[in-house]
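Protein chains: 2
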Amino acid sequence: MKATVHVTLKSGVLDPEGKAVQHALETLGFSGVNGVRQGKYIEIDLSDADPVGTHDRVDAMCRQLLANTVIENYTIDISE
Amino acid sequence: MKATVHVTLKSGVLDPEGKAVQHALETLGFSGVNGVRQGKYIEIDLSDADPVGTHDRVDAMCRQLLANTVIENYTIDISE
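Here the protein sequences line up with chains G and F, keeping their order. Quick note: the first sequence, position 47, residue 47 per our numbering, numbers continuous. Quick note: the second sequence, position 26, residue 26 per our numbering, numbers continuous.
Don't read these hints as lab results, they were simulated from the structure. Treat the hints with care, since some could be wrong.
Identical copies go unnamed one by one, so any copy, or any two together, can satisfy a pair.
[What the hints assert, rightly or not] Calculated lysine-lysine pairs in the DSS-like style (CA-CA distance at most 27 Å, straight line):
no., residue 1, residue 2
1, K19, K2
2, K19, K40
3, K40, K2
4, K40, K10
Remember, predicted model here, so these are calculated numbers, not experimental data.
Whenever a hint applies, use it, and build me the whole structure from the sequences.
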């Protein structure tokens, strides 16, 4: 079973990495870039068989390690 | 128009960040974690109106800046 986690900064939280990418794109000549936000994408390969229990376990992983819930949001997708 | 880019390491390329997360999860007591791969997730807000041209432009951004195509793969999704 595979869990896919997206960790993104909450709106309103400054994203210096995204700003750097935006400026670099402008420097390279790409116009019309209004904003860039950068986040993390984490794939977890699990030996669980139960999708519901897996979602709860991955949620615990996010809260304890993968995301800083003060400034970050996360979404979880579970697939076979 | 919004472009969503996922940048992931090619299979076979060592992912020390993912390994560190895997070990940390095991230390926290999460068992059954067979592997973790970490990648980047980038949201680009564009003022383009044409989805086809936008895809090509974002593809150029990936090749020139966002991804290191020697060791990384990328996928692009364009949405309104």
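Now the hints, each set against the structure:
1. Taking CA atoms no more than 27 Å apart as the test, K19 paired with K2 passes between copies only; the shortest distance there is 16 Å, against 32 Å inside one copy.
2. For the homomeric pair K19 and K40, the shortest alpha-carbon distances inside one copy (16 Å) and between copies (15 Å) are both at most 27 Å.
3. Taking the shortest alpha-carbon separations for K40 and K2, both the intra-copy value of 16 Å and the inter-copy value of 17 Å come in at or below 27 Å.
4. For a Cα distance limit of 27 Å, the shortest separation of K40 from K10 qualifies both inside one copy, at 13 Å, and across copies, at 16 Å.
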